[in-house]
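Visitor: Chain by chain, the residues:
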Amino acid sequence: MKAKCYIKGYAAISPQESFSGGFAPHLLTLEGKNMMHVKEPDYSGFIPPNSLRRMSRVLKMGLTAALQCLRNSNAKIPGAIITGTGRGSLQDTEKFLHNIREYSETALNPTPFIQSTYNSVNGLIALQQQCTEYNNTFVHRGFSFEHAVLDSMMQLAEGNATEVLAGAFDEITDEHFYIKSRIGYWKKELTQPAELLESATGGSIAGEGAAFFLFTSQPSDICLEGIKMLYKPSEEEVQQALQNFLSSHDLAGEEIDLLVSGRNGDARYAQFYDNVERQIPDAKVFYFKPYCGEYDTAGAFGLWAAIKEMEQWPANNAVIYNNFYGEQHTFMLLRKVV
Amino acid sequence: MEALKLKLKQQIIEALNLQDTKPEDIDDNAPLFGEGLGLDSIDSLELMVLLERNYQIKVEDPREGRKILQSVQTMAEFIKSKQVA
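For the protein sequence lines, the chains are A and B, in the order given. Using UniProt numbering, count along the first sequence one by one with no gaps and you end on 338. Using UniProt numbering, count along the second sequence one by one with no gaps and you end on 85.
Same shape as in the complex, but just chain B (with noise of 0.2 Å):
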């Protein structure tokens, strides 16, 4: 699980170029919207994207997408069950 956490926040960044953020400065139950990272709902889909490109899991219901994107903590625990599926 760390090591998904870790991968998944160096995802992150890249995607959004998320430039002088270091996975350390990430952490795993801070909001990533809003307060925390401070992304906004062009990032909400990129993070979408994302999880369909790296980990091939196609969120389709945009209320899902809402509590899987809560944090780096959420998505890990989301992409796990899926694995697990």
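Excised from the complex, chain A in its bound form (with noise of 0.2 Å):
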């Protein structure tokens, strides 16, 4: 995909104070478990109050940061709403579930059932908007939100919009932490996020946010190149595309002088982050996971991460590497508008 897509705004809320707009990283201290929340604004600005006291955490989160994302772009109605979930709304998911445990199938609230579903905020930012253009979730584990941009893209080479709302947002809840505890997603000691990356155990720190952008066809100071997905591929075949990705794009390793790595500090996976590293020797390296934690669609903080930091560094070419688990890997081309 070589269609021209530039980002004219963004927002995020995360771990970090990034809604105000700034990136200031700072590593938070961890107690008692391995899990990081967002700090969440004021959403009283953004949402009716009495369509805000329905809302569950992650849909206040990933519909404030898509109308921030709006307001910093100046615009108000894209052409397209594309967003990424690996989890959707956790919270209401539970709920409806423990309430059709203890309600043995009956008396079940319509909220949870129905904020649950995974285009919820899509939904929501559609009404809000009065959007009625193509609206989009993609729930693809870790290429939700790579599957978004992907899709962005797509419509801007189409011609189908000049503008795409696409985003991404996924929470954490204690249960969904001790559901994935089993199946080692996270570290079993408690690790702080400043010594992620020296860990040699497996897993990661889990964490949460909701990142939206404005993708554009008329130039803007940020282009996204190009996305090159892959789903389970062998060490040698991550380095073969990424040598494929950068020569599509006319670059050479030597050429990229920011890399925004998505390495979480599980060891089993860190080969990938080395060979990436080696291949794209000169680079500047940003880890973002210390700051975000680890999710589906951690990508979006990544990308977002890698804007702040070419607004704030003299980088003329990113890249961005980021796996979920060793099973998808996406590798992201920003270059700077001269």
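Certain hints may be false.
To be verified - The calculated DSSO-like cross-link candidates involving lysine-lysine, where the alpha carbons are at most 27 Å apart (straight line), are:
hint	chain 1	residue 1	chain 2	residue 2
1	A	Lys39	A	Lys188
2	A	Lys180	A	Lys39
3	A	Lys33	A	Lys95
4	B	Lys58	A	Lys95
5	A	Lys33	A	Lys180
6	B	Lys22	A	Lys4
7	B	Lys58	B	Lys7
8	A	Lys228	A	Lys188
9	B	Lys80	A	Lys95
To be verified - Here are a few chain A residues that face chain B, going by a calculated C-beta distance under 8 Å:
hint	residue
10	Asn50
11	Arg53
12	Arg54
13	Tyr103
14	Ala107
15	Leu108
16	Asn109
17	Pro110
18	Thr111
To be verified - Now the stretches of chain B that chain A is said to cover, found in silico as 3 or more residues with beta-carbon under 8 Å:
hint	segment
19	16-22
20	37-47
Note that these hints are calculated values from the structure, not bench results. Even for Gly, the Cβ is constructed at its ideal location relative to N, Cα and C.
Need the complex rebuilt from these two chains, each delivered in its own frame; the hints are there to steer you.
Guide: What follows is the structure in structure tokens.
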């Protein structure tokens, strides 16, 4: 995919002070669990009180990040709304399932069921902005956000839209943390974000967040040049894919100034990140997972962090590399427009 | 009856997550929908669930539900009538 896709505006709600628009990376101190939560903004300036009272946390996060992104972009009604989420509203899903059990499948409250559907955030954005354009939500675990990006690029390339609101949202709950801990997602020992990348054990720190971008076909400061996804590749396939990806954009590894890496401290998959760093030897490396934790759509925070780094640092070409537990691997290429 | 209405108001506030609303803010006879509390159709479903969960009363006929859910007063009268029956 070589279509020009410029980034006009963006917004993120994360465990960092990101919502205000700045980014001064701060490593949190965790207590008790390897889990970090977002710093929630005041939602009242974005969502009417009558809607706010009914929404669960991730819905508020997703909708508010999307609306802030539109505000930052001086846009109101995008030509498409495309999102990705690995888990949707876990809080609502859990509530609904608990109700089924508690009330023996009777007297079920409709709200958690309605909101537990993955496309709730998209629907809320469309309703609030009165947007009747293309609307799609991708739910593909570690490829959820990435498919939203790919679809956005295709919408722009085919001329179906000139501005696309794309984003991702995921939350972590105690129950989901427990379930995923049983299949080795999180480190068994309490690990602080500051120590995460030095860890020699399996698993990572759980995180969450919502990030949105307004992609446009009109030239802007930063261009998302391309995206490449690989499912369950070998180490060699990842290396070859990176080489092909860069050369398809007339670049060599040495020409990349910034590598934004999704290294998450999980020793089982560290070799993929080691290899990529060897192939991009001269780049400044920024590891974003110690600041947001691991979750299906952490790549969206990675893209947000890459843009902030490119704004603050003289990088012309940046590569974002992320993999989700060794299965879903993604490269994205950003270029500063001079 | 007064105790039932107070309890009902507390249950409505909790079920509908009416932040910043206290039981004393809800007038017994004020309409729950449109004006008054400004509830909507999803709230009406939640109030039906509230009646079923807390009072074991199932409202089958939607037309009947519209009358019952007019105000706290009408809800309380309906619950009382079912309890007596």
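Visitor: Mind listing which of the numbered hints don't hold for this structure, in increasing order?
Guide: 6, 8, 9
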